[in-house]
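Asks: Keeping the supplied structure of chain A fixed, place chain B upon it in accordance with the hints.
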Amino acid sequence: MESKTTIINYTHSQAGHCESGATSNLFKFNGLDISEPMAFGLGNGLYFSYIPFLKVQYAPMMSFRNLPNTVFKRSTTYLGIDHTVVKKIKDPGQAMDALDRNLENGLPTGLQVGVFQLTFFPPEYRMHYNMHNLVVFGKEGNNYHVSDTVMELPQVISYDDLVRVRYAKGPFAPEGKMYWIHGKVAQEIDLKPAIAIAIKKTVKEMIGIPFPLIGVKGIRWMARDMKKWPKKHGNEKASFYLGQVLRMAEDFGTGGAGFRFIYGSFLKEAGEIYNHDGILEAADLMGKTANKWREFTYAGARNCKNRAKPTEDYGHLGDMMLEIAASEEMVFRKLEKIKL
Amino acid sequence: MGKTEQTPPEGAPQEEKYYTYNREIFYHFDKEKGYTRANDYQNSSNQVIIKQSWDAADERLQEVRQRVLAGIQSPVAFFMEKRLLEVPMLAAYMEIGAWRVRRHLKPGVFKKLSQPTLKKYADIFGITVEQLTSLDFIKN
Chain A
1 MESKTTIINY
11 THSQAGHCES
21 GATSNLFKFN
31 GLDISEPMAF
41 GLGNGLYFSY
51 IPFLKVQYAP
61 MMSFRNLPNT
71 VFKRSTTYLG
81 IDHTVVKKIK
91 DPGQAMDALD
101 RNLENGLPTG
111 LQVGVFQLTF
121 FPPEYRMHYN
131 MHNLVVFGKE
141 GNNYHVSDTV
151 MELPQVISYD
161 DLVRVRYAKG
171 PFAPEGKMYW
181 IHGKVAQEID
191 LKPAIAIAIK
201 KTVKEMIGIP
211 FPLIGVKGIR
221 WMARDMKKWP
231 KKHGNEKASF
241 YLGQVLRMAE
251 DFGTGGAGFR
261 FIYGSFLKEA
271 GEIYNHDGIL
281 EAADLMGKTA
291 NKWREFTYAG
301 ARNCKNRAKP
311 TEDYGHLGDM
321 MLEIAASEEM
331 VFRKLEKIKL
Chain B
341 MGKTEQTPPE
351 GAPQEEKYYT
361 YNREIFYHFD
371 KEKGYTRAND
381 YQNSSNQVII
391 KQSWDAADER
401 LQEVRQRVLA
411 GIQSPVAFFM
421 EKRLLEVPML
431 AAYMEIGAWR
441 VRRHLKPGVF
451 KKLSQPTLKK
461 YADIFGITVE
471 QLTSLDFIKN
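Going down the list, the protein sequences come from chains A and B.
At position 307 of the first sequence (counting the first as 1) the number is 307 in this note's numbering, and the numbers step up by one without a gap.
Position in the second sequence (from 1) plus 340 gives the number in this note's numbering.
Quick caveat, the hints were computed from the structure, so don't treat them as lab data.
For each residue, glycine too, the CB sits at the ideal point set by N, CA and C.
Distance ranges between label pairs, derived from CB positions:
| no. | chain 1 | residue 1 | chain 2 | residue 2 | range |
| --- | --- | --- | --- | --- | --- |
| 1 | A | 211 | B | 411 | 41 to 51 Å |
| 2 | A | 91 | B | 455 | 18 to 28 Å |
| 3 | A | 7 | B | 402 | 38 to 48 Å |
| 4 | A | 104 | B | 455 | 40 to 50 Å |
| 5 | A | 52 | B | 402 | 24 to 34 Å |
| 6 | A | 273 | B | 428 | 42 to 52 Å |
| 7 | B | 398 | A | 228 | 25 to 35 Å |
| 8 | B | 371 | A | 58 | 33 to 43 Å |
| 9 | A | 87 | B | 371 | 36 to 46 Å |
| 10 | A | 184 | B | 374 | 29 to 39 Å |
Extracted from the complex, chain A is given alone in its bound form:
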């Protein structure tokens, strides 16, 4: 093992969501001042899908965000920035060598990792969840310096531990995935064209896909299912399923509700750049929707606390969610009409 020290002068800043945070930090490192919400919005981070027939950790699968790496890939592509994504590296040794080479070349590198064995991570978060992202920016002997946007400070992880998390198994296994931007971005970049493409794409993904489990339709489907849970599965299991929904909505990578805030914040920035009242109105509406999500999780948590005798019945929670779906649809219908 070589004992060379390379530490890149990379600024760690905390963020709400791991991937858009990492992407934003990478942009900033390369001289492009793009905030986390901007990276999230440009990368089509917002999404919803509900897959009741697939079970993850014994509960129906759902996702409030796009597939891993979408944010980085789309935001760099829309902005026309030279970048590389290596999807799969079979041999862990090779994957680590590639990382070392990047560090020697002064390129901070993003990695997809599993959190279960991530040594510095809060223990309560350590589930088998493979869609986490962090940026490696230095190597010192056998240890790597990493910037994980969930943590307040940069962290250190050993070679072996890093291999372990890069080759975590299970759904969405990282398989050594890594990504980086090639050097400084020299010219001034006009965000407008990228924003126009990104908004159009997210609108399409949220209301334009003719499949009932994706986008706003998926939220409606889940709401209707939720009303049936206590009858179908009994109180105990219904409460566990609800817990899973809430966990996805609040905890994992800032959670689904959090994503709505970040997206609204992106719309606000976009509206200011375009100086467009329509987008700003949509931003406000998105904020209100996000607050509704948060209210929903509060009500749900009260239910989980007292699961034998739920205080908020599932019918009410389902109705809350239907209202959220309607409100989210309004945002995207509004955005759909805006010509950029």
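Replies: What follows is chain B alone, placed relative to chain A:
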């Protein structure tokens, strides 16, 4: 540039069991103030949610413990649950088919496993082969 301390810093909500040593970024929206972001601990409602999921995991573990001690399932089942693994995921780590892992959950089949296989299981579970094969570890 050090590790985040694992003890709650001052000002942290001491009575809460979870999330007291790392603050995270939360976004908020308010009609007057618009969008803001703040660095904060997880709120109590989130703590309820996360606690519920760990309680459920613990309950499942106790059930498996009983089944293993009663000789209905093999210790692999216990450690699989302890590490929050499910059969397909464990099979991926073991690099064998899921149906073989399912067989290894039977005590009879487990007794006949070869040393290398036991060692592989033990490494994945982060324990020694002795801990895997003797029930003492599971009893406590």
